[in-house]
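Novice: Here the protein sequences come in this chain order: E and P. For the first sequence, my numbering begins at 51 and goes up steadily by one. For the second sequence, my numbering begins at 51 and goes up steadily by one.
Please note that the accuracy of each hint is not assured.
Which copy is meant is left open, so a pair is good if it fits within one copy or across any two.
As the list claims (entries may be wrong) - Derived pair list, reagent style DSS-like, types lysine-lysine, alpha-carbon separation capped at 27 angstroms:
hint	residue 1	residue 2
1	Lys287	Lys180
2	Lys256	Lys180
3	Lys180	Lys219
4	Lys256	Lys223
5	Lys294	Lys256
6	Lys223	Lys294
7	Lys223	Lys287
8	Lys256	Lys287
Hints listed in this document are in silico derivations from the structure and should not be mistaken for laboratory results. Quick caveat, the model's predicted, so the values are computed rather than measured.
2 protein chains.
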Amino acid sequence: MIEDRPQNNGESGAGTDEVQAALYLFPVPLSDSSRIADVLPEGNARLLRGIRHFLVENVRSARRFMKRVDPSIDVNLMSFTVLDEHTRPEDVARMLEPLENGEPMGVISEAGCPAVADPGADAVAVAQRKGLKVVPLVGPSSILMALMGSGFNGQSFAFNGYLPIEAGKRSAKLREMETRIRREGQTQIFIETPYRNNRLIAELVKSLPGQMRLCVATDITGRGENITTRALSQWGKTEYDYAKVPTIFLLF
Amino acid sequence: MIEDRPQNNGESGAGTDEVQAALYLFPVPLSDSSRIADVLPEGNARLLRGIRHFLVENVRSARRFMKRVDPSIDVNLMSFTVLDEHTRPEDVARMLEPLENGEPMGVISEAGCPAVADPGADAVAVAQRKGLKVVPLVGPSSILMALMGSGFNGQSFAFNGYLPIEAGKRSAKLREMETRIRREGQTQIFIETPYRNNRLIAELVKSLPGQMRLCVATDITGRGENITTRALSQWGKTEYDYAKVPTIFLLF
Numbered sequence: 051m052i053e054d055r056p057q058n059n060g061e062s063g064a065g066t067d068e069v070q071a072a073l074y075l076f077p078v079p080l081s082d083s084s085r086i087a088d089v090l091p092e093g094n095a096r097l098l099r100g101i102r103h104f105l106v107e108n109v110r111s112a113r114r115f116m117k118r119v120d121p122s123i124d125v126n127l128m129s130f131t132v133l134d135e136h137t138r139p140e141d142v143a144r145m146l147e148p149l150e151n152g153e154p155m156g157v158i159s160e161a162g163c164p165a166v167a168d169p170g171a172d173a174v175a176v177a178q179r180k181g182l183k184v185v186p187l188v189g190p191s192s193i194l195m196a197l198m199g200s201g202f203n204g205q206s207f208a209f210n211g212y213l214p215i216e217a218g219k220r221s222a223k224l225r226e227m228e229t230r231i232r233r234e235g236q237t238q239i240f241i242e243t244p245y246r247n248n249r250l251i252a253e254l255v256k257s258l259p260g261q262m263r264l265c266v267a268t269d270i271t272g273r274g275e276n277i278t279t280r281a282l283s284q285w286g287k288t289e290y291d292y293a294k295v296p297t298i299f300l301l302f
Numbered sequence: 051m052i053e054d055r056p057q058n059n060g061e062s063g064a065g066t067d068e069v070q071a072a073l074y075l076f077p078v079p080l081s082d083s084s085r086i087a088d089v090l091p092e093g094n095a096r097l098l099r100g101i102r103h104f105l106v107e108n109v110r111s112a113r114r115f116m117k118r119v120d121p122s123i124d125v126n127l128m129s130f131t132v133l134d135e136h137t138r139p140e141d142v143a144r145m146l147e148p149l150e151n152g153e154p155m156g157v158i159s160e161a162g163c164p165a166v167a168d169p170g171a172d173a174v175a176v177a178q179r180k181g182l183k184v185v186p187l188v189g190p191s192s193i194l195m196a197l198m199g200s201g202f203n204g205q206s207f208a209f210n211g212y213l214p215i216e217a218g219k220r221s222a223k224l225r226e227m228e229t230r231i232r233r234e235g236q237t238q239i240f241i242e243t244p245y246r247n248n249r250l251i252a253e254l255v256k257s258l259p260g261q262m263r264l265c266v267a268t269d270i271t272g273r274g275e276n277i278t279t280r281a282l283s284q285w286g287k288t289e290y291d292y293a294k295v296p297t298i299f300l301l302f
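Bound conformation, chain E alone (with noise of 0.2 angstroms):
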């Protein structure tokens, strides 16, 4: 379908809305306070204009999203198809017939950026296995841009997801986070459920050297952002109210 290495073959692209087929992953604001023009280049608006399939996490803050982009998109004449965590993989095939067709499609996730920590991976798995050309779009990522705001290490990072709730794992993960940070250098990120925060910051105050640095950067791109790092045993002194709103936690 897509050659390997497309050379410019001719197509006109910019500044129309005649978009080449593909599956382009848009990403989503991550707060409700920001504006557009603030976390997505205007570019992307151009290309949902043109696309006129889409698989979406959730219908409704899909076509929010759309409207808030672009009040003037008839959202109407869009179709949407549910892929979120209860998507069944053998399903996710089916789903890209219109890009099998020819015709671009997108992949909208509720916030940040699709296939990151959020549903879409599968999707762009299957395309990569037919041959199907797959285009990333720049927009937030609280991931990315909590370390960059960090200060840890950004030649050498990884980000866990949510750290397991059994007692047992969870404390043999913070162990190799530990472990990784010292042998490595390795800067580690994860998450955790909003209303646990605080809890959560407790539990590494008391588990964790009291030299090592925690970032706590919160609510990024809205209102309330805020980064802040500092030594753990510093965060033991401290107060602090993270509940109830997306935050990621960094360790190094």
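Here the structure of chain E is known, so what remains is to put chain P in place on it, guided by the hints.
Specialist: Just chain P, lined up with the frame of chain E:
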């Protein structure tokens, strides 16, 4: 200087060129062939216009970046301080003096996101230590965009920087990555000096299991952008040429 969790403190912000004092991290386009409007939010230009003091990896490319974002910017009014891999850590604190005096500052690296596989983390670390506000901005990251486009696990991933050059350490690193893919399901991301890209692919084909998948993501956001995932056994039977093009490698 900055309170822990700044409430809305009545700053006017949006729409004017009055910029709050903070260390702003400006991503830079990855490719000369990408349109600014496709890779940077328009809001970044507004901030750029409101800042006078910059820490830059390279003065010439920083000036070119500014001119590309907004040809009306008078780069001769800007002050540039070089912050690169030769900067002594003890000199970084002094570079942040304008910010300590209440003036906003910017960090600009040569391509991609400051402080991620690029200089800048030292300045951020000092700012964090001094309690100065740090604000990462949205822009292209080849690492993140390669991950999005790979179809690999985005719930757990590690960026390893360059592989070691020395043969023993290099094969130990490959074995370690193989283990982390198998045991932890952790996507492994790394880079190579562009002129060695082709040799690296041949080496991976030779030394790792054939069913392991390799994604090669090249010239991201550029005219030659190509993100291709295949089993290593398939890569072994394919012709490719990635010499001289900035490329991200991912294994899963």
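Novice: Now tell me, hint by hint, if it's right for this structure.
Specialist: Evaluated hints:
1. When the C-alpha separation of Lys287 and Lys180 is checked against a cutoff of 27 angstroms, the pair qualifies only between copies, where the shortest distance is 17 angstroms, while the shortest distance within a copy is 54 angstroms.
2. When the C-alpha separation of Lys256 and Lys180 is checked against a cutoff of 27 angstroms, the pair qualifies only between copies, where the shortest distance is 25 angstroms, while the shortest distance within a copy is 49 angstroms.
3. In the homo-oligomer, the alpha carbons of Lys180 and Lys219 never lie at most 27 angstroms apart, since the shortest distance is 38 angstroms inside one protomer and 36 angstroms across protomers.
4. Within a single copy, Lys256 and Lys223 get their C-alpha atoms as close as 15 angstroms, which meets the 27 angstroms cut-off; across copies the closest is 33 angstroms, which misses it.
5. Taking the shortest alpha-carbon separations for Lys294 and Lys256, only the intra-copy value of 22 angstroms comes in at or below 27 angstroms, while the best inter-copy value is 49 angstroms.
6. In this assembly of identical chains, the alpha carbons of Lys223 and Lys294 lie at most 27 angstroms apart only when taken from the same copy (24 angstroms versus 39 angstroms across copies).
7. Only within a single protomer do Lys223 and Lys287 lie at most 27 angstroms apart by alpha-carbon distance; the minimum there is 25 angstroms, versus 39 angstroms between protomers.
8. In this homomeric assembly, Lys256 and Lys287 come within 27 angstroms of each other (Cα to Cα) only inside a single copy, at 12 angstroms, whereas the closest approach across copies is 53 angstroms.
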